[in-house]
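Here the protein sequences line up with chains B and G, keeping their order.
For the first sequence, our numbering begins at 1 and goes up steadily by one.
For the second sequence, our numbering begins at 135 and goes up steadily by one.
Among the hints, erroneous ones may be present.
As the list claims (entries may be wrong) - To give an idea of the interface, some chain B residues facing chain G are shown, with a C-beta separation under 7 Å as derived from the structure:
1) G111
2) N112
3) S115
To be verified - Result set (SDA-like, lysine to any residue): computed pairs, CA atoms no more than 20 Å apart in a straight line:
4) K149(G) / T132(B)
5) K186(G) / G105(B)
6) K147(G) / G181(G)
7) K149(G) / A118(B)
8) K114(B) / A136(G)
9) K147(G) / V121(B)
10) K153(G) / S180(G)
11) K186(G) / L119(B)
12) K149(G) / R110(B)
13) K114(B) / K147(G)
14) K186(G) / K7(B)
15) K186(G) / N112(B)
16) K201(G) / N112(B)
17) K194(G) / N158(G)
18) K7(B) / I155(G)
19) K186(G) / T100(B)
20) K147(G) / M1(B)
21) K153(G) / R110(B)
22) K114(B) / V99(B)
23) K194(G) / A118(B)
24) K186(G) / M1(B)
25) K153(G) / N112(B)
26) K114(B) / K194(G)
27) K147(G) / K201(G)
28) K114(B) / I155(G)
29) K186(G) / A118(B)
No lab work stands behind these hints: they were computed from the structure.
Positions of the beta carbon are idealized from the N, C-alpha and C atoms, including for glycine.
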Amino acid sequence: MICPGCKAENSDMLVNCEFCGQPLSAARGGEAQDGAVERGDEGRGQPTGEYGPSAAPGQGYAPSEAPPPTPYSYRQQPAVPGSPWYQKTWVYLLAIVVVTAVVAGIFVSRGNVKSYPALVVDNNPTLLDFYTDT
Amino acid sequence: MAPIVDGLEQQYKGKVSVKRINANSDATANEFGISAVPTYIFIDSSGTVTEKQVGGDPQKLEEAFRKAADQ
């Protein structure tokens with residue numbers, strides 16, 4: 001069901017829009033005005049027999065099939081002010097910037113490590129003993 | 135500290151080498167920024183500094199020798 005306020009798609013079971021909180025009754029009523037019938041109302045107490053031989057008169061509701069998922073229901077939800085942080089683009093941009101900075105810092109710090117191979121004796125770990133003769 | 139260093143040099147001979155550097159006359163001392171004596175700097179076999187000790191602490195020095203010998 002489309003919210004008449006923010007145009008976000010909501011479940012048909014909801015009374016209020018889960019994004020902006022606006023009542024969905026307007027949208028629901030609009031559908032009803034177009035001739036739509038509330039789910040489960042069709043055939044109540046008025047069996048017509050058009051559902052096959054198993055639908056005997058007086059058995060009540062006819063089974064209703066769940067509507068197949070349509071591409072429309074998978075579309076990206078519009079960002080509204082109350083949306084959670086993980087739906088905000090800047091969070092992911094910030095995370096990418098931070099990770100890039102950390103990786104760059106590691107490479108730079110590694111590059112600044114000085115080495116003194118000329119002071120190595122006999123290719124062994126070497127102790128440099130600084131002394132003074134005064 | 136010199137006798138202690140000599141003893142450790144003999145004890146870890148073939149595993150850890152010792153290079154004595156005059157802090158007053160050798161340019162290496164300036165390169166390492168030596169401001170106090172004794173100062174002991176360990177470098178691994180590739181020449182990278184692994185430990186620096188300022189002052190004479192025989193126990194710390196022996197521990198550093200042991201770690202260097204294990205590399």
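Verification of the hints:
1. Interface hint at G111(B): violated, since its Cβ lies 13 Å from the closest Cβ of chain G, which is beyond the 7 Å cut-off.
2. Evaluation of the N112(B) hint against chain G yields a violated restraint, the C-beta minimum of about 12 Å exceeding 7 Å.
3. Annotation: interface hint on S115(B) holds; nearest CB of chain G at approximately 4 Å, less than 7 Å.
4. Distance hint between K149(G) and T132(B) is unfulfilled; the C-alpha atoms sit about 26 Å from each other, more than 20 Å.
5. For the given pair, K186(G) sits about 24 Å from G105(B) by alpha-carbon distance, which is inconsistent with the 20 Å threshold.
6. A hinted pair counts as satisfied when its Cα atoms are at most 20 Å apart, and K147(G) with G181(G) qualifies at roughly 18 Å.
7. Distance restraint check for K149(G) and A118(B): the Cα-Cα separation of roughly 18 Å lies within the 20 Å cut-off, and the hinted pair is therefore satisfied.
8. A distance of roughly 28 Å separates the Cα atoms of K114(B) and A136(G); the hinted pair therefore is violated under the 20 Å criterion.
9. This hinted pair checks out: K147(G) and V121(B) have alpha carbons roughly 12 Å apart, not beyond 20 Å.
10. Simply put, K153(G) and S180(G) have alpha-carbon atoms about 15 Å apart, close enough for the 20 Å limit, and the pair holds.
11. Restraint check for K186(G) and L119(B): the C-alpha separation of about 15 Å stays at or below 20 Å, so the hint holds.
12. For the suggested pair K149(G) and R110(B), the alpha carbons sit about 27 Å apart, so the restraint of at most 20 Å is broken.
13. At most 20 Å may separate the alpha-carbon atoms for a hinted pair to count; K114(B) and K147(G) exceed this at roughly 26 Å.
14. Restraint check for K186(G) and K7(B): the C-alpha separation of about 67 Å exceeds 20 Å, so the hint is violated.
15. A C-alpha spacing of about 18 Å is found between K186(G) and N112(B), which places the hinted pair at or below 20 Å, so the restraint holds.
16. Distance restraint check for K201(G) and N112(B): the Cα-Cα separation of roughly 24 Å exceeds the 20 Å cut-off, and the hinted pair is therefore not satisfied.
17. For the proposed pair K194(G) and N158(G), the alpha carbon gap of about 25 Å is over 20 Å, so the pair is violated.
18. With a C-alpha separation of about 79 Å, the suggested pair K7(B) and I155(G) falls outside the 20 Å cut-off, and the hint is violated.
19. Distance restraint check for K186(G) and T100(B): the Cα-Cα separation of roughly 32 Å exceeds the 20 Å cut-off, and the hinted pair is therefore not satisfied.
20. Using a Cα cut-off of 20 Å, the hinted pair K147(G) and M1(B) is violated, with the two alpha carbons roughly 83 Å apart.
21. Of the supplied pair hints, the one linking K153(G) and R110(B) is violated, its CA atoms being roughly 26 Å apart against a limit of 20 Å.
22. Under the criterion of a C-alpha separation no larger than 20 Å, the hint pairing K114(B) with V99(B) is inconsistent with the structure, at around 26 Å.
23. Restraint check for K194(G) and A118(B): not satisfied, since their Cα atoms lie roughly 25 Å apart, outside the 20 Å limit.
24. Proposed proximity of K186(G) and M1(B) is contradicted: the alpha carbons are some 71 Å apart, above 20 Å.
25. Annotation: proposed proximity of K153(G) to N112(B) is violated, straight-line Cα distance about 24 Å (limit 20 Å).
26. Proximity of K114(B) to K194(G) is assessed by CA-CA distance (about 24 Å); at most 20 Å being required, the pair is judged violated.
27. Restraint check for K147(G) and K201(G): the C-alpha separation of about 14 Å stays at or below 20 Å, so the hint holds.
28. Pair hint K114(B) plus I155(G) holds up; C-alpha atoms about 19 Å apart against a cutoff of 20 Å.
29. Taking the CA atoms of K186(G) and A118(B), the gap is about 18 Å. The hint holds against a cut of 20 Å.
Against the hints set out earlier in the document, violations occur for numbers 1, 2, 4, 5, 8, 12, 13, 14, 16, 17, 18, 19, 20, 21, 22, 23, 24, 25 and 26.
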